[in-house]
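Visitor: Sequence:
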Amino acid sequence: MHMKILHLLSTIDPRAGGPTEGVRQSGISLKSMGHDVEVVTLDDPHAPWLAAFPLKVHALGPSKGNYGLCPRLVPWLRDHAARFDAVIVNGLWQYHSYAAWKALRGMGVPYYVFPHGMLDPWFKRTYPLKHLKKSLYWPWAEYRVLRDAERVLFTAEEERVLARQSFRLYRANEEVVAFGTNPPPGDGERLRADFLAAYPQLADKRLILFLGRIHEKKGCDLLLKAFASVRDLDASAHLVMAGPDGGEWGAQLQTLARELGIAERITWTGMLAGDVKWGAFHASDAFALPSHQENFGIAVAEALGCSLPVLISDKVNIWREVKTDGAGIVGTDTVEGAADMLRRWLTLPAADAAKMRAQALATFTKRFTVDAMSHDLVRLLRHGAHHRNRAMSEPPRTASFKP
Numbered sequence: 001m002h003m004k005i006l007h008l009l010s011t012i013d014p015r016a017g018g019p020t021e022g023v024r025q026s027g028i029s030l031k032s033m034g035h036d037v038e039v040v041t042l043d044d045p046h047a048p049w050l051a052a053f054p055l056k057v058h059a060l061g062p063s064k065g066n067y068g069l070c071p072r073l074v075p076w077l078r079d080h081a082a083r084f085d086a087v088i089v090n091g092l093w094q095y096h097s098y099a100a101w102k103a104l105r106g107m108g109v110p111y112y113v114f115p116h117g118m119l120d121p122w123f124k125r126t127y128p129l130k131h132l133k134k135s136l137y138w139p140w141a142e143y144r145v146l147r148d149a150e151r152v153l154f155t156a157e158e159e160r161v162l163a164r165q166s167f168r169l170y171r172a173n174e175e176v177v178a179f180g181t182n183p184p185p186g187d188g189e190r191l192r193a194d195f196l197a198a199y200p201q202l203a204d205k206r207l208i209l210f211l212g213r214i215h216e217k218k219g220c221d222l223l224l225k226a227f228a229s230v231r232d233l234d235a236s237a238h239l240v241m242a243g244p245d246g247g248e249w250g251a252q253l254q255t256l257a258r259e260l261g262i263a264e265r266i267t268w269t270g271m272l273a274g275d276v277k278w279g280a281f282h283a284s285d286a287f288a289l290p291s292h293q294e295n296f297g298i299a300v301a302e303a304l305g306c307s308l309p310v311l312i313s314d315k316v317n318i319w320r321e322v323k324t325d326g327a328g329i330v331g332t333d334t335v336e337g338a339a340d341m342l343r344r345w346l347t348l349p350a351a352d353a354a355k356m357r358a359q360a361l362a363t364f365t366k367r368f369t370v371d372a373m374s375h376d377l378v379r380l381l382r383h384g385a386h387h388r389n390r391a392m393s394e395p396p397r398t399a400s401f402k403p
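Residues 1 to 403 in UniProt numbering are what the sequence shown lists, from first letter to last.
These are computed hints drawn from the structure, not numbers from a lab. For clarity, every value in this text was computed on a predicted model and none was experimentally measured. C-beta: ideal position from N, C-alpha, C; glycine also. Worth double-checking, as some hints may not be accurate.
Only pairs whose alpha carbons sit at most 20 angstroms apart, straight line, appear in this in silico EDC-like list of lysine to aspartate or glutamate [what the hints assert, rightly or not]:
hint, residue 1, residue 2
1, K225, E264
2, K217, D245
3, K277, E21
For each label pair, taking beta carbons as the anchor points, the in silico distance ranges come out as [said to hold, decoys possible]:
hint, residue 1, residue 2, range
4, T267, A351, 21 to 31 angstroms
5, P128, G247, 14 to 24 angstroms
6, D79, H383, 37 to 47 angstroms
7, H80, A203, 48 to 58 angstroms
8, H80, P349, 50 to 60 angstroms
9, L132, A203, 48 to 58 angstroms
10, A52, Q165, 20 to 30 angstroms
11, K4, E264, 18 to 28 angstroms
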């Protein structure tokens with residue numbers, strides 16, 4: 001069955017991270033399977049990243065404020081949603097999710113919601129004032145968005161369980177679906193050489209790679225403090241901190257590195273993309289993400305796809321799969337937990353490290369490919385479309401009364 005799918009998200013700016021990348025990659029995969037995929041975003045139509053996006057995009061912005069208020073969205077959905085078999089809402093807490101509920105209820109067009117980790121109770125504990133505001137807003141908007149969705153889609157069992165802990169009023173038709181990313185480019189040696197040509201000072205180093213947004217939830221400070229405590233285990237060990245900095249966090253971390261006496265053993269690359277990004281994976285010895293909260297972690301999957309063992313906290317929601325398979329080392333999201341992961345990796349016998357590298361690739365292939373994600377999503381959407389079509393074709397029921 002040919003499907004027409006509409007993705008809805010606040011932005012397709014690549015700096016936004018996982019949700020944007022997930023929509024991009026799954027959309028390409030779904031198109032290759034013969035389905036039609038379009039995207040609605042609240043971006044300004046003149047945003048520089050729109051032209052390179054590989055799917056048909058309807059940019060209805062610019063939106064207003066942090067909430068992303070966009071007056072054009074509800075009318076657009078009411079005019080166009082009926083030509084799609086399914087609408088997929090990516091993310092919560094901005095106008096686009098509420099607008100989808102407002103526009104689509106009663107239309108007969110099923111919508112699905114990917115919370116992308118935004119219901120994790122970590123946010124409740126870390127930002128209590130923000131959570132209070134969300135609690136006041138919750139019954140009137142996001143609760144209804146989830147309640148009336150055909151399915152609320154989680155990318156790991158861990159995410160599904162955690163989502164129930166943030167708000168007492170919670171009702172959702174939950175389903176865990178596969179999530180993944182494209183296999184990395186195959187020419188790893190060339191990519192590695194290209195990265196080291198860009199950063200020749202790293203050629204003889206044993207690189208521990210962090211790749212993601214430079215954000216407090218990612219546990220970057222834990223990683224620096226942990227590295228400082230194990231730096232003497234291997235004089236060639238070196239941190240690569242790769243990713244965009246959305247605020248002052250990067251400057252604070254660099255100050256911390258100087259205070260810890262490890263500034264000379266860290267390279268800050270900024271955001272990496274394309275061949276240089278893949279080269280960073282292939283040039284590294286291990287990937288580290290001691291995050292306080294991570295829904296899926298596309299970069300974790302990408303690292304596994306490059307045969308790179310991952311050192312992740314048990315707040316990265318795919319930690320169970322990594323630990324079960326032996327594709328990396330799992331610890332707590334503390335300085336001690338991160339230090340223990342680094343220590344175990346840096347002292348791991350060569351034969352065990354080689355075995356873990358092989359298992360990393362096997363885990364990616366088994367669990368985290370974008371094609372597996374696309375097939376699972378289509379299965380679910382076809383089921384919803386089938387029930388929608390059957391309901392539309394059935395004659396209306398008449399009430400019966402017993403005397």
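Visitor: Provide an ascending list of the numbers of those earlier hints which the structure does not satisfy.
Guide: 6, 10, 11
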